[in-house]
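Colleague: Letter by letter, the chains look like this.
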Amino acid sequence: MKLTVNGDTLTLNGNTIADLVTQLELNGRRLAVEVNREIIPKSQHGDHTLNDGDVVEIVHAIGGG
Amino acid sequence: MSDLLTIAGNTYSSRLLIGTGKYKDFDETREAIETSGAQIVTVAIRRTNIGQNADEPNLLDYITPDKYTILPNTAGCYTAEEAVRCCKLARELLDGHDLVKLEVLGDQKTLYPHIPHTLTAARELIDDGFKVMVYTNDDPIVARELEDMGCVAVMPLGSLIGSGLGILNPHNIRLIMEEANVPIIVDAGVGTASDAAIAMEMGCDGVLLNSAVAHARKPVLMASAMKKAIEAGRESFLAGRMPRKAYASASSPLDGISQ
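So the sequence lines, in the order shown, correspond to chains B and E. Heads up, the first sequence is in my numbering, so the first residue is 1 and it goes up one at a time. Heads up, the second sequence is in my numbering, so the first residue is 66 and it goes up one at a time.
Since the hints were derived computationally from the structure, they do not count as laboratory data. Small disclaimer: the values here were computed from a predicted structure and weren't measured. For every residue, glycine included, the Cβ atom is placed at its ideal position computed from N, Cα and C. Fair warning: there could be bad hints in the mix.
As a list, the in silico DSBU-like pairs of lysine-lysine whose alpha-carbon atoms are at most 30 Å apart [what the hints assert, rightly or not]:
id : chain 1 : residue 1 : chain 2 : residue 2
1  : E       : K87       : E       : K293
2  : E       : K174      : E       : K87
3  : E       : K196      : B       : K42
4  : E       : K196      : E       : K292
5  : B       : K2        : E       : K153
6  : E       : K89       : E       : K292
7  : B       : K42       : E       : K132
8  : E       : K153      : E       : K87
9  : E       : K283      : E       : K89
10 : B       : K42       : B       : K2
11 : B       : K42       : E       : K153
Covered by chain E, per the in silico footprint, the following chain B stretches (three or more residues, Cβ under 8 Å) [said to hold, decoys possible]:
id : stretch
12 : 4-18
13 : 22-33
14 : 39-47
15 : 53-61
Okay, chain B solo, but in the shape it has when bound:
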């Protein structure tokens, strides 16, 4: 399926947020994920099924003041 992830189009070979995180080689990282502007808690990443056209945001902590 086609997703928009952090503003870029991406084809996901899988179904769930966990699949997406694996595909992006982000496993084990401290992240927060939003799907269509709704935060999906980490505990649900394995179960939450994404749909074609979903808009996903993945964020992490960086340096800031």
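Put chain E on the given structure of chain B with help from the hints.
Modeller: Below, chain E without anything else, positioned relative to chain B:
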């Protein structure tokens, strides 16, 4: 002597709060922050780079949440809506940690706080259970509004973010402190150690800074200077300065001078 800073029921022995932006690399970030003695450390929340640098180091592996109180900020947010969204992402990122630094900016030239949006966002966040430390201007009425609303700390600017101009309006900061029942932390504007000491001597509860250390020629050495300045300023405040006088008053006794 026990002299702790209490924010939202948690106590801290350090009154220096420090940012993690603008350092050369994460090793320098870690060393500067360790040296500063700060216990509350701000971070920003941003999009993860996709498809590149899969092995890129992660700030929170260097500044770990088990060692520091991580204070996510809403830097870069120009509306209440963006700021609230950012805080919710931060809470998810940090496993439910609900202490945030709210800053809603007015424009890019000044990074001055946008007060109407700040008030809206603060109210929404507090209603949602967040503990809000709020970046604001040095207007005592705004500070009182933010406190009354339930912000756990009010953080007026000393001068513009990243300007290093020090505390430009100490009179207003003093007016804010006179009325406040929550910690007042000078946030933004500190350029060098004496600026931090001045804030603490005035009776501020703490100082939050980033550029003054990160942009010093030797950041780790400046982190050490800031630690001492905060401590010296605090002790000076607690000790109570002597009154200012217009004329001299000899320190050495005048009796018994050889004639």
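Colleague: If a hint holds in the structure, say so; if it does not, say that too.
Modeller: Hints and how they fare:
1. With a C-alpha separation of about 22 Å, the suggested pair K87 of chain E and K293 of chain E falls inside the 30 Å cut-off, and the hint holds.
2. For the hint linking K174 of chain E to K87 of chain E, the alpha-carbon distance of about 18 Å falls within 30 Å, and the restraint holds.
3. Distance restraint check for K196 of chain E and K42 of chain B: the Cα-Cα separation of roughly 22 Å lies within the 30 Å cut-off, and the hinted pair is therefore satisfied.
4. With a C-alpha separation of about 26 Å, the suggested pairing of K196 of chain E with K292 of chain E holds against the 30 Å cut-off.
5. Of the supplied pair hints, the one linking K2 of chain B and K153 of chain E holds, its CA atoms being roughly 26 Å apart against a limit of 30 Å.
6. Restraint check for K89 of chain E and K292 of chain E: the C-alpha separation of about 20 Å stays at or below 30 Å, so the hint holds.
7. Taking the CA atoms of K42 of chain B and K132 of chain E, the gap is near 22 Å; set against the 30 Å cutoff, the hint holds.
8. Restraint check for K153 of chain E and K87 of chain E: the C-alpha separation of about 24 Å stays at or below 30 Å, so the hint holds.
9. Between the alpha carbons of K283 of chain E and K89 of chain E the distance comes to roughly 11 Å, so the proposed pair stays at or under 30 Å and holds.
10. Between K42 of chain B and K2 of chain B the alpha-carbon distance is near 22 Å, which keeps this suggested pair within the 30 Å criterion.
11. Using a Cα cut-off of 30 Å, the hinted pair K42 of chain B and K153 of chain E holds, with the two alpha carbons roughly 13 Å apart.
12. With a cut-off of 8 Å between beta carbons, the stretch 4-18 of chain B has 5 residues touching chain E; three or more are needed, and the interface restraint holds.
13. A stretch counts as covered by a chain when three or more of its residues have a beta carbon under 8 Å from one of that chain; for the stretch 22-33 of chain B and chain E the count is 8, and the coverage holds.
14. Only residues whose C-beta sits within less than 8 Å of a C-beta in chain E count toward coverage, and the stretch 39-47 of chain B has 3 of them, enough to reach three; the restraint holds.
15. Three residues within the 8 Å Cβ limit are the bar, and the stretch 53-61 of chain B against chain E gives 5, so the coverage statement holds.
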